[in-house]
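Q: What follows is the residue order along each chain.
There are 2 protein chains.
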Amino acid sequence: MVARALAAARVGAPLGNEVPVVVPVRPRRRSAQAVAKTAWINPKIARYLAEQQPATPCLVVDLDVVAEAYKELRRYLPLARVFYAVKANPAPEIVSLLGEMGSNFDVASPAEVALCLERGIAADRISFGNTIKKERDIGFAYDRGIRLFAFDSLAELEKIARAAPGARVFCRILVECTGAEWPLSRKFGCSPEMAVDLLRQARGFGLDPYGVSFHVGSQQTDLTQWDGAIGRAAEMFSVLAQSDITLRMVNIGGGFPAHYRGDVQPLERYAAAVMGAITRHFGNDLPEIIVEPGRSVVGDAGVIQSEVVLVARKSFGDDRRWVYLDVGKFNGLAETADESIKYRIRTAADGGATGPAVIAGPTCDSADILYEKADYRLPLDLQVGDKVEILATGAYTASYASVGFNGFPPLKTYCI
Amino acid sequence: MVARALAAARVGAPLGNEVPVVVPVRPRRRSAQAVAKTAWINPKIARYLAEQQPATPCLVVDLDVVAEAYKELRRYLPLARVFYAVKANPAPEIVSLLGEMGSNFDVASPAEVALCLERGIAADRISFGNTIKKERDIGFAYDRGIRLFAFDSLAELEKIARAAPGARVFCRILVECTGAEWPLSRKFGCSPEMAVDLLRQARGFGLDPYGVSFHVGSQQTDLTQWDGAIGRAAEMFSVLAQSDITLRMVNIGGGFPAHYRGDVQPLERYAAAVMGAITRHFGNDLPEIIVEPGRSVVGDAGVIQSEVVLVARKSFGDDRRWVYLDVGKFNGLAETADESIKYRIRTAADGGATGPAVIAGPTCDSADILYEKADYRLPLDLQVGDKVEILATGAYTASYASVGFNGFPPLKTYCI
Chain A
165 MVARALAAAR VGAPLGNEVP VVVPVRPRRR SAQAVAKTAW INPKIARYLA
215 EQQPATPCLV VDLDVVAEAY KELRRYLPLA RVFYAVKANP APEIVSLLGE
265 MGSNFDVASP AEVALCLERG IAADRISFGN TIKKERDIGF AYDRGIRLFA
315 FDSLAELEKI ARAAPGARVF CRILVECTGA EWPLSRKFGC SPEMAVDLLR
365 QARGFGLDPY GVSFHVGSQQ TDLTQWDGAI GRAAEMFSVL AQSDITLRMV
415 NIGGGFPAHY RGDVQPLERY AAAVMGAITR HFGNDLPEII VEPGRSVVGD
465 AGVIQSEVVL VARKSFGDDR RWVYLDVGKF NGLAETADES IKYRIRTAAD
515 GGATGPAVIA GPTCDSADIL YEKADYRLPL DLQVGDKVEI LATGAYTASY
565 ASVGFNGFPP LKTYCI
Chain B
165 MVARALAAAR VGAPLGNEVP VVVPVRPRRR SAQAVAKTAW INPKIARYLA
215 EQQPATPCLV VDLDVVAEAY KELRRYLPLA RVFYAVKANP APEIVSLLGE
265 MGSNFDVASP AEVALCLERG IAADRISFGN TIKKERDIGF AYDRGIRLFA
315 FDSLAELEKI ARAAPGARVF CRILVECTGA EWPLSRKFGC SPEMAVDLLR
365 QARGFGLDPY GVSFHVGSQQ TDLTQWDGAI GRAAEMFSVL AQSDITLRMV
415 NIGGGFPAHY RGDVQPLERY AAAVMGAITR HFGNDLPEII VEPGRSVVGD
465 AGVIQSEVVL VARKSFGDDR RWVYLDVGKF NGLAETADES IKYRIRTAAD
515 GGATGPAVIA GPTCDSADIL YEKADYRLPL DLQVGDKVEI LATGAYTASY
565 ASVGFNGFPP LKTYCI
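In order, the protein sequence lines correspond to chains A and B.
This note's numbering applies: residue 165 is where the first sequence begins, and numbers increase by one.
This note's numbering applies: residue 165 is where the second sequence begins, and numbers increase by one.
Please keep in mind that the hints were generated in silico from the structure rather than gathered at the bench.
Watch out, some of these pointers could steer you wrong.
Straight-line C-alpha distance at most 27 angstroms; calculated DSS-like pairs for lysine-lysine [claimed, not checked]: (1) B:K506 with B:K478; (2) B:K537 with B:K506; (3) A:K576 with B:K576; (4) B:K506 with B:K551; (5) B:K537 with A:K537; (6) A:K551 with A:K208.
If you want the ones that stay clear, here's a sample from chain B, every Cβ over 10 angstroms from chain A, calculated [to be verified]: (7) I205; (8) Q216; (9) S317; (10) R364; (11) A538.
All residues carry an ideal CB built from backbone N, CA and C; glycine is no exception.
With these hints in hand, go ahead and build the complete structure from the sequences.
A: This is the structure we're talking about:
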């Protein structure tokens, strides 16, 4: 309805019985440099945007980039089984593509279970990795053949025992996650001591105590963070072996980065750090390894195209412009909360002189500010109506969008 | 699809070829006191929840409470025209009810314009109050008869002049908003000096410079905040009168509270503070007054019912439990960001001893924590599967919900 309404909307000033007044549209100066800079965008996506001119805001995901990122993970971590974290981007096309390439899937809810099954993923390639599940949701997954479940507390273990008898379970432990741009707080995991006790109880409940998981924080930039966590896991293997419980699996979670504003090291180095830590702590007796990437598989594959709605100053002599886009915290850019994730931004006016800018979204909500402290600079020549591309936005964007806060529709995704 | 899948889901443990293991469901101790405390919930909503047993999480809005809040505003601010801020809760039933009661409407987008028109609201009762509008959206509203627009910058004024010739415009000014629980930052408004200049230019563009707006912050608890803002508006009236421009309207925005955990003063006192300031600064020559309440009209009318998904401790000896609900930051409780809005919470186990708790939502996102620092205490007897009611959640909840982050569906609203 909104789309139709917008299509019917009119730009310009039809004349009623009011006096017509000419308000000038300011002409645009464009330097030659601008073209060169804009070309940094993935050419396949740039071509799509140029040819299709989709309404903004929208997210365009290049499936070739997703495929390449998956292959790179397989190349550098050949010993690990990849479970794609569906929550990062649940676009059905992405699930299908990764399914065809052999990926497994980490899901958070019955809807994500159903999505994977609908896309032809066999149940034995799905891990229910959310440690907070309703008992009936565990049963829903179990009824559909899923036999791998995460937990980090006694109450959850009891639910799994009742609703998924005999299933493989892995316990998530709390680890340090300094260095992550989207740190994981203490919401998930329990102390390793408690995890050991729970895995012992798991066997008593008739479950299969399969392994240990942890997560060092999303967009982790400190490669040493995996070592301590893997060391803790190895200790748990040893302690439980004394109780005649043989753990077989270490789930190293996610944390591999996408390319935002700061520099990140290549995936190769992350893989080397992880595998180095595993061989250091496990020696010749390597466990099964599971990795749950989301951001690193789909992040770089996406570009959000937006339009500048307004450029304003708050007072005479204000040296910082406010640049308002048609995408904001509530229709795709939730990860700018506390300015955590700093996306790279390209504009139609790149190449000329720049000045400091506060960047905000289109809603009437004062919290809908993307960057105020992060020292973003935008071209001084940027004007209302200009297109702006926000790069590496394939992960944790469209699925975070609100149902329609302030009447702005959710972010539309095009997989190409 | 999710709903159907959930309906088909099974609780308990059907036996395959695994060994059946009995996992006890712990019995529940309930004191007599608990019943009394639970009864604090609006009885009409409590009856609805008891009789209909809607799936959780859900938001139930009592339209009688909305009507009463609207009447109270009219009673204490008889001189003001009420423009309901649709964004606070765009449930069509609420728009219809307030429309029938004579309310006007403050909208933020074409979809909100369309919603009001569909519900039979005449265009002259609609104000396009978002200061950040695409030119084609201004045109969309103008084509449908809307003639009242907000702005706070030259670029926006130019767009309005082109797309809505002759319209009434009001300029939003920046004011202090200390004391607000959901403060408004500097995203909206310009300095009064700039506003004066822009209102002069508005006339030059063929627009009707109608008035001044401000907003002292949502859930404002300091009643003196309106005085300074109204004083600034009055000065602008005087200054512009010297240029032969007669402003006629002061839009005092919103800011009136709903009832969250802290005490708030009765609406009567807010109204007295506002009217006192207006008569103090404008004397006998009172301007038209517009008020744009959202939270104070619908906030107290809503109750979210949720279910406890998990109660866990993170380590042996941990004195704080983590209580995970099936509603969180991404499916309705976005205003718990930075623990800003502190909702009152009632549980099925109220009346017994309580202990400290961290309260979190159901997603795999570590940011999905509602209260960690705000010293919430919950009954020690609270168990997985218990119902929990989150009170005064009629505003800024359902419309903030994500489209399905982690596969959790948006919050469903029932207006009764």
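Q: Are the hints correct? Go through all of them and say.
A: Against the structure, the hints come out as follows:
| no. | hint | result |
| --- | --- | --- |
| 1 | B:K506 with B:K478 | holds, 24 angstroms |
| 2 | B:K537 with B:K506 | holds, 11 angstroms |
| 3 | A:K576 with B:K576 | holds, 22 angstroms |
| 4 | B:K506 with B:K551 | holds, 19 angstroms |
| 5 | B:K537 with A:K537 | holds, 24 angstroms |
| 6 | A:K551 with A:K208 | holds, 17 angstroms |
| 7 | I205 | holds, 23 angstroms |
| 8 | Q216 | holds, 19 angstroms |
| 9 | S317 | violated, 3 angstroms |
| 10 | R364 | holds, 14 angstroms |
| 11 | A538 | holds, 15 angstroms |
In summary, the one numbered hint that this structure violates is 9.
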